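Enquirer: Residue numbering for the sequence shown is 1 to 590, as defined by the working numbering.
Any given hint might turn out to be false.
Using 30 Å as the maximum straight-line C-alpha spacing, the simulated BS3-like pairs for lysine-lysine come out as follows [what the hints assert, rightly or not]:
| no. | residue 1 | residue 2 |
| --- | --- | --- |
| 1 | K381 | K552 |
| 2 | K96 | K443 |
| 3 | K299 | K538 |
| 4 | K443 | K552 |
| 5 | K307 | K537 |
| 6 | K275 | K146 |
| 7 | K307 | K24 |
| 8 | K394 | K98 |
| 9 | K502 | K491 |
| 10 | K517 | K394 |
| 11 | K537 | K549 |
| 12 | K491 | K96 |
| 13 | K586 | K146 |
| 14 | K549 | K24 |
| 15 | K445 | K275 |
| 16 | K517 | K397 |
| 17 | K586 | K549 |
Distance windows between CB atoms, simulated [stated by the list, open to error]:
| no. | residue 1 | residue 2 | range |
| --- | --- | --- | --- |
| 18 | S482 | P205 | 24 to 30 Å |
| 19 | R220 | D325 | 26 to 32 Å |
| 20 | S8 | S360 | 19 to 25 Å |
| 21 | E345 | K24 | 43 to 49 Å |
| 22 | N421 | D588 | 53 to 59 Å |
| 23 | R220 | I349 | 43 to 49 Å |
Derived from the structure by calculation, the hints contain no laboratory data.
Remember, predicted model here, so these are calculated numbers, not experimental data.
The C-beta atom is built at its ideal place from N, Cα and C for all residues, glycine as well.
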Amino acid sequence: MTVTAALSNLEYRHNFTARSQPPKAEYDYIVIGAGTAGATVAARLSELSNVQVLLLEAGGPGNFMFDAPVLANLVFNGQWNWNYTNTKQSVGVGLKNKVIPEYRGYALGGSSSINSMVYNRGNTRGYDDWANNYGASGWGWNDVRKYFLKYEDNTDSNLVKTYPGWHSTGGPVQITTWANPDPIYQLMIQANNELGYPTTDINGPNQLGIALVQEFASTRGVRSSSSNSYLEGNRRPNLDISVHSRVTRVLFNGHTATGVEYVRDGLKNVAKVKKEIIISAGAINTPQLLMLSGIGPAKDLRKFSIKVLADLPVGINLHNHPRLDLRAYIKDDSLVTTSRLQDAEALTIPALYQWFTNGSGPLIQYHDTITYYNSRNNRDKNWPDLALEVRLYKQHKDVQLTAQDFDDVYAWTQWLQQYANRYFLQILPYHELPRSRGQVFLKSKNPFEAPIIDQRFLTNPKDMEEFIEIVGYGLYVAERSSLAQYLLPMKPIPGCHACPDKSYLHECDSYIRCLIKEVTLSGLHDCCSVRMGNTSKKDTVVDTRLRVKGFKKLRVCDTSVWPVIPNGNINAATFMTGEKCAEMIKEDNK
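Based on the provided sequences and hints, a complete structural model is requested.
Expert: Put into C-alpha cells, the structure is as follows:
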C-alpha cells in the first residue's frame, strides 16, 4: 500500500504540474519547448509577478520512470522520445536500417528527463573560445560561470570545500556524488591512474584525468530534470503550461513576432504575445520551426513555397559528438555490488519501498566515469579533445532485445549469446572537439514531418584520425591495463575481423576502422544550428543576447545558439544558457 500510494503521489505531482488552464488570448511571454533551457526560462520569467507566461510543450507530463536514475535506459528509447534518425552516414552502417539514431526528449523537461544525468560543464577554454574567436561577447568563462553557480545545489560538501569558487549550493538543481560505487569502477579508476590520468573534478580547475562523475540527481535519488527542478512544486499562478501542444509556426507582422500557432488535441490554436517569443525547442526542432516560419536559407524555403522573411543560415553549423560502444564483459560478478539490479529488474516492490521511504536502494544507482585525454594533434593539453565514458550494464538474458539495434540481427544474436545475462562495462570513446559540421534541412512544409538531420560524422579527416586514437585507447584499457585481468578477452564484433598477425584488437588498425564504420553512434549532443555572434557576420542567426537578426520580439534560447560544441555533455551548459537568457530578457524588457 505504501508503494502504491507513493507511485500515485508521484504521478499526481507530475500531472498537477502539467495541468491545463483555459488558454488566454494573449501573454507577455511565450516559451516554445519545455526542455532544459525552456523550462528554466519560463520559470525564471514567472518570477515577475506582473507578467503572464505561456510554456508550450509538444510532449506530455513527467512520469515516475523519469525520476528513478536506474531506469534511464527504459525511458531513453520510447514514447518520451522524438525518435529521430540521421540520414545515412559513412559510419554507423551496421546499426538498424543502417542509420544512426538521434534521440531527443519529448516531455516536460525535454532531454533532461531521459538523458544519462551526467554533470559535465565542458572546459572553461571552450567558453572563452566562443567570446574570443566567434564574436560571442559576454559568453566567456568569466561571464557564464555565475550562471552555472546560480542553478547549482551541489550536495557534495567535500567537493564544494576542495574547489572554492567552482561549485555552489542553494540553487534549484541538485547535483549529487553517488556513494558506494561498485568495485569494478574503483578498478577502472585505478587503471587510469596507473596510466597517468589522475583522479580529478572534471568541473573544477583541471579537467584532464578521470572522475566518477556527479549526476543531475537529488540526495533522495530523484533525477534533477528541468521540470523537477524548476516547475514541480514551484509553478506560479502567472505561468500557464500547455502539454501536447505542437507549435507549427511563429506569426509575424512584418519583422515583428506577434504570436504562435500551435496544435493541441487536433485543434489549431493561436496565442498572441506582448513582449517576446522565446524558441527553446532544441538544435533540431528550433531550426525546423524557424524555417517553417520563413526564416532560413532562402533557396531551401522557396523549394517548399514558404514565404521568405529573412535569408539566414538556419540549420547550418550543426555540431555533435561522435561516439561508439565497446562492451567489456566482466569475469566475476562479485565486482558488481550496488548496481546488481538494473533497468526493469530494479522495479521490484522492495526496491520501490526503499526508494520512496529513504531514497536508497538499486533505483538510485547510475554510476559513470569519464576520463579526458589529449590526441596527438591537440596543442592545448589543458583543453582535452578526447574522452572515454564508462558505465556498468547487464546484458539482457534475451539477447535479441539488444540485437534488434543492429542491421544484421541474426549475426548479433549469435555473437551476444555467449554473454547473455553477464555484466559489462560499456566503454564509450568520444571525440569531444570535432571539426565536422552537419545541417538540419526541411523535408517538407508539413510541421509534423521530421526534418532531415545530416550530422556528417567524422567527415573531416582529422576527426577520423583522432577518433581512431581514442577507440584504440579504449580497447587498450580493456585489453592491456590492470583492469584487463578482471574482464573477458575482447572478441571481434560481427562484420569486423581481427588482424591475424596481432595479439590484441587495439593493435589492429583495420579492426578499429571497421568498428568505427559499423557502430559509430551519436553522442546525442546536438547544438550550434542557429549560432550566435557578431550580427555583421553572415554565418550568425542571433546576436549575443540571442535575438534573431532583423526581428523584434523573437529570441532563441537553447543549445542551437552556441557557436561551437563544448568538450563535454551538454545538459549542464544548457541550464546555464537558460539562466543567462532569462536574465537578459528581464534586462531588455524593463
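Enquirer: Decide, hint by hint, whether the structure agrees.
Expert: We went through each hint and held it up to the structure:
At most 30 Å may separate the alpha-carbon atoms for a hinted pair to count; K381 and K552 exceed this at roughly 43 Å. Only pairs whose Cα atoms come within 30 Å are accepted, and K96 paired with K443 is accepted, the gap being roughly 21 Å. As the CA atoms of K299 and K538 are separated by approximately 16 Å, the hinted pair is consistent with the 30 Å bound. With a C-alpha separation of about 28 Å, the suggested pairing of K443 with K552 holds against the 30 Å cut-off.
The straight-line distance between the Cα atoms of K307 and K537 is roughly 23 Å, inside the 30 Å bound, and the hint therefore holds. Pair hint K275 plus K146 holds up; C-alpha atoms about 26 Å apart against a cutoff of 30 Å. With a CA separation close to 28 Å, the supplied pair K307 and K24 stays within the 30 Å bound. With a C-alpha separation of about 25 Å, the suggested pairing of K394 with K98 holds against the 30 Å cut-off.
Distance hint between K502 and K491 is fulfilled; the C-alpha atoms sit about 13 Å from each other, no more than 30 Å. Restraint check for K517 and K394: satisfied, since their Cα atoms lie roughly 25 Å apart, inside the 30 Å limit. Pair hint K537 plus K549 holds up; C-alpha atoms about 11 Å apart against a cutoff of 30 Å. Between K491 and K96 the CA atoms are separated by roughly 21 Å; this keeps the pair inside 30 Å, and the hint holds.
The hinted pair formed by K586 and K146 meets the criterion: a straight-line CA distance of about 17 Å does not exceed 30 Å. Between the alpha carbons of K549 and K24 the distance comes to roughly 29 Å, so the proposed pair stays at or under 30 Å and holds. For the hint pairing K445 with K275, the CA-to-CA distance comes to about 28 Å; that is within 30 Å, so the pair holds. Annotation: proposed proximity of K517 to K397 holds, straight-line Cα distance about 27 Å (limit 30 Å).
Pair hint K586 plus K549 holds up; C-alpha atoms about 19 Å apart against a cutoff of 30 Å. Taken as a hint, the range 24 to 30 Å holds for the pair S482 and P205, whose Cβ atoms sit roughly 28 Å apart. Taking the beta carbon of each, R220 and D325 are about 31 Å apart, inside 26 to 32 Å as hinted. As the Cβ distance of S8 to S360 is approximately 21 Å, the hint placing it in 19 to 25 Å holds.
For E345 and K24, the hinted distance range of 43 to 49 Å is satisfied, since their beta carbons lie about 46 Å from each other. Hint check: N421 to D588, Cβ distance near 57 Å, so the stated range 53 to 59 Å holds. Hint check: R220 to I349, Cβ distance near 19 Å, so the stated range 43 to 49 Å is violated.
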